[in-house]
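Trainee: The primary structure of each chain is shown beneath.
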Amino acid sequence: MTNTILSANNVTKRFGGLTAVNSVNIEVKENSIHSVIGPNGAGKTTFFNCLTGFYKPEEGELLFNGHSLVGLRSDQIIVLGIARTYQNIRLFANLTALDNVLIGQHIHLKAGWLGSALRFPGIVREEKAALAEANRLLNFVGLANKGNQIAKNLSYGDQRRLEIARALASKPKLLLLDEPTAGMNPHETEEATIFFRNLRDELNITILLIEHDMRVVMGISEIISVLDYGQKIAEGTPKEIQNNAHVIEAYLGRGSAGNVGKDQVAVAQTV
Amino acid sequence: MKNKLVQPIRIGLVSGFIVIFLSLIGMVETFDKRDVISEVISLGATVLLLTILSTAYLAARGQGKNGVRWMFAGGAVSGLVGGIVLALFILATTLVDMRGVFINVKPPLINMLTLEQEVLALGLTYLIGVSTVTGLLGTVLYLTPSRVRRALLIAFLCVLALGVMQELLRVTFANIRFLADLLRSLYEKNGLSMVGAAGIFIVTFTLSLVWSFVQSPVQDRLAALSPRGQFILKSTLFLLLFAALFFIPKILDNVYIGEVLSNIGLFILMGLGLNIVVGFAGLLDLGYVAFFAIGAYTVGVLTSPERGGTLNFWQALPVAIAIAVLFGFILGIPVLKIRGDYLAIVTMGFGEIIRILVLSDFLRPWLGGAGGIVGIPKAEVLGFKFAGPIEIYYIILIGIFIVVFLAIRLKDSRLGRAWMAVREDEDVAQAMGINLVWTKLIAFAIGASFAGISGAIFATKLSTIYPQSFKFDVSINVLALLILGGMGSIPGVIIGALMVVGLPELFREFEDFRFLVYGAALVMMMQLRPEGLWPETLHMRELHHEHAPPEPASTDSIRAD
Amino acid sequence: MRQSLRERLSFTDIFMWVVGALIVLLIVYGSISTLIIGRYSPRQWFDFVVNGIMLGSVYALIALGYTLVYGILRMINFAHSEVFMAGAFNSYFLGTALNQSGFLEENPVVGLLLIFAMAMTTSTIVAVLLERIAYRPLRGAPRIVSLITAIGASFFLQYTFKGLYGAGVKPYPRISVLNESLAFGEFKILYMQIFVVAAALVLMAALYYIVQRTKVGKAMRAVSEDFDTAALMGIDVDRIIVITFILGGALAGAAGVLWSLVFPQVNFVMGFVPGLKAFTAAVLGGIGNIPGAMVGGLFLGLIESVGPGLFLDGLKVTAAHQLKDVIAFTMLVLVLIFRPSGILGEKLTQKKA
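Residue numbers (my numbering), protein chains in the order written: chain A, 1 to 271; chain B, 272 to 832; chain C, 833 to 1185.
For reference, chain A alone in the conformation it holds in the complex:
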């Protein structure tokens, strides 16, 4: 019986008159790969933002390994072990790839202003180790020789990898991935899927994933939570979700956007 690493209870986030996240209950088991899906605007990214401290939910509780997340700032949350990537890729664009990953290690380094300015030997050692670790991470995500490239000059796929490397640098227990395969071609998507599974297996972390690509979702998820208009409308294994009437209706019954939904449902049911 595995532990629940993250539990969201009745989480509600409002923006003026709009309720973006409405009483959502999700339990994420440790070491699992858990996906959150739903049509556009369902509140998935908003939910992530509540998890990482960007937004403060009006109601509800968020517990991570026993710690309450509500009201914490994002720099306090990462220390607890939650890291994320972003839907629109938010790298430190003008810095090198190495610097991006080094910044990811910020919470594990101890150097202060004085030590850095005066170059204490302990800090020199720490920097060296950090650099080695950064290179190792870049290697791990497949960016081996690109450390000195400026982040904004990297290809789109490489940027996504860099974001993951940066997130991994903080040694998280829970990794939030927000549409990590957006913009990838089928080959890249497949590689990414394998990569995520390896990630979980080798590093023993939990992955919470927002995705639109049903191949990915059905391919690696153990549990899927489905959101629509801010509410959770279904949850279960891929097989259960594939045939869930509510889910199908949510994707199909969206008027002109229903065509997209149709494709997704079709793909989902063939996996």
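Treat the hints as calculated values from the structure; they're not laboratory data. Fair warning: there could be bad hints in the mix.
Restraint-style ranges between C-beta atoms, simulated for each label pair [as the list claims (entries may be wrong)]: (1) K275/B with R971/C: 28 to 36 angstroms; (2) P969/C with N145/A: 32 to 40 angstroms; (3) V1009/C with N461/B: 53 to 61 angstroms; (4) L961/C with T415/B: 45 to 53 angstroms; (5) L321/B with L961/C: 19 to 27 angstroms; (6) I1042/C with N65/A: 57 to 65 angstroms; (7) K1047/C with G41/A: 47 to 55 angstroms; (8) G400/B with I1042/C: 46 to 54 angstroms; (9) G998/C with K649/B: 50 to 58 angstroms; (10) A93/A with S865/C: 33 to 41 angstroms.
Where a beta carbon is used, it is the ideal one built from N, C-alpha and C, also for glycine.
Chains B and C: place on chain A using the hints.
Mentor: Just chains B and C now, with coordinates in the frame of chain A:
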């Protein structure tokens, strides 16, 4: 046929208006007072001709796809139209007296523009003729092979620079016999002699041309040096630089140069501080002069007997730094949550508040009000008094070394990266665990400390400090030098300071138009080269060069089982 | 779920609230002292207030320029203070000429109209040139880049005017009819003061009408809501932006004349301080908010005029009037820290991810 010439006509009109503008603001006339080549051509005329030449160059370039004949036509037309516009302007001035409004429309100006011809019609014709010919030259310039063109430009700039720097050079090297003699042979009354100009031109032209051939192989050779070899090369260059910085002022033994170098140094100190706040952390601080003032006034109050001060400079210095740091925190706390342009305005407000307070009668009993603080003693070490600019220069030099050392260390550290993360994307930086409050405050504090050091030295250098020295202009000067040099780049600060402080010294005539040029330069830099003249990323690439990891065994992109 | 108070308030928050409370205390204490001592007569208070309203109206006119541009481009037009100066300066020449020929004395109304026309035209031209040359190429650039461009443009304009017309302070023509006053009881109001407030009100009303009741105004409001959608709806965004600059420029030019009538002099740096204060007013009222700029302007004018007498004197500050700019700048700082959306502005939600 007509529409091919539309663009050159437009360019010609623009160039004409630029020349009129330069005349109206007085630049032409002021510059005219100095000759580049004595009795032959003045700086003012040079500026005018350059304007026509460069716009004609652009016109010729615009005709690129139409063939050589059209390029010449384009250049000529641009020059012609420019000349006509100018001629019309001159005619207008003769018909209407504009002196009451435009103060610079004076006879000497018109005289110069009509090439000193008595008969107006003749003068105007010559003007248009010269202008058209210059236009053609612009085309010629465009058609010259780029190697030669670059060499020509460099040679021309050298002649221009040397022509303009006559007094400066003479004063600088007055105490060195052989150089003084050399200079005397190059110059005549008001500018370079013909021989001197020709000589300089030929020498620099040849050198640049040769360099353009030799540059690539040399760079390849240098890159191919072993790491040890590169290290030796870099160290030697640094040593030479150190030596130059230490010994040259003593060799020149020249108070004026000492003064100029000291001023540049003070601005470098401030620039390095603001570089941390604006360049590294991305916090646009327009009130930076406040910390400079605080450093100066602290030293003033603590050391000047007139104010009841009993400390000496070296005792007051740490206090000045501490108080500057304190104010860095105090002024930083309120603005932590303010972003971007608002931050700039608020900090500007702070700067003004401090200036007004320092000037006020309310605080006069402590800070001296409009009369400032007088009688600040010079710094002393073991009986040796740092009395003059040359001695102060050495204090500043040491200060700069320390500050540069600190800045370089900090940049490549956890804190430096935290600053840059905050600059790039504050929210994500926070999500990476960076404490925004502390990171921003310490940026303000360290930045303030550098300005405090600069202010402290400033106080002891001048012995008297007035509120006028702490106006908003100073903040803008420092910001301008940062922008020009490149925000976030430490060598950029030095380049920027040299330009912003050094250039006005180079030719005094420039002083009047200093801010005008800054303003135009800032606008143009933002449109053409916002990263500055010595951008940060270049420096960064260099720094990280030795950190490249070894080749991986497999070349597959993602590890897959 | 309830965090302790300690977690919610950080050190910096406490520091700020303490400072804010201190300032409020000082103001209250100072005011009470002054009123108790009775240093100023009712007549003097009246003068302070009227003066404040007059200055405030001028600030409001300039503030509208800042707020209009910010509303549409989300940038601070730092060079707006020079737009103001340009109008004032050029109108000086026309005004002096009219004065010398005696025309101004005999036909003050026509004369003034001409002066206004000259100022507003100049300011408009400068504003449009600014937009075309300096700002348009940089649309979409990071904020810091636009701000620096604006600063550069500001300096460029200042020193251009210095070069063109000289550095000296030039005396603005005086119109004698304006220097007469209306008296009732002890209290006196100068016609000048009435004129300034009236002129400002007329212009503000005109602007309000344009923005709220005309098609162009509607387009402006659309563009300031959402750039891209407005473009998709067929609105010529570039044209609307130019019109915004024209309106802001015209108002600033008028403000330039009014200012010069009150402080009868012009010089090339005259724009800096009023510009900064007008920006304060715009932020005070809520940047991007047109009635806000008007309210903010009046508020600032009043505080600035009444303030030194009211609380600084009470705090035994010598020569309190020297510090009136400090009051204005402190207001700016306080507003941006405690209520950046201003008095009337809406709270802008910060989208973080």
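Trainee: Each hint needs a verdict: does it hold in this structure or not?
Mentor: Hint check results:
{"no.": "1", "hint": "K275/B with R971/C: 28 to 36 angstroms", "in the structure": "31 angstroms, holds"}
{"no.": "2", "hint": "P969/C with N145/A: 32 to 40 angstroms", "in the structure": "37 angstroms, holds"}
{"no.": "3", "hint": "V1009/C with N461/B: 53 to 61 angstroms", "in the structure": "56 angstroms, holds"}
{"no.": "4", "hint": "L961/C with T415/B: 45 to 53 angstroms", "in the structure": "35 angstroms, violated"}
{"no.": "5", "hint": "L321/B with L961/C: 19 to 27 angstroms", "in the structure": "23 angstroms, holds"}
{"no.": "6", "hint": "I1042/C with N65/A: 57 to 65 angstroms", "in the structure": "60 angstroms, holds"}
{"no.": "7", "hint": "K1047/C with G41/A: 47 to 55 angstroms", "in the structure": "33 angstroms, violated"}
{"no.": "8", "hint": "G400/B with I1042/C: 46 to 54 angstroms", "in the structure": "52 angstroms, holds"}
{"no.": "9", "hint": "G998/C with K649/B: 50 to 58 angstroms", "in the structure": "39 angstroms, violated"}
{"no.": "10", "hint": "A93/A with S865/C: 33 to 41 angstroms", "in the structure": "56 angstroms, violated"}
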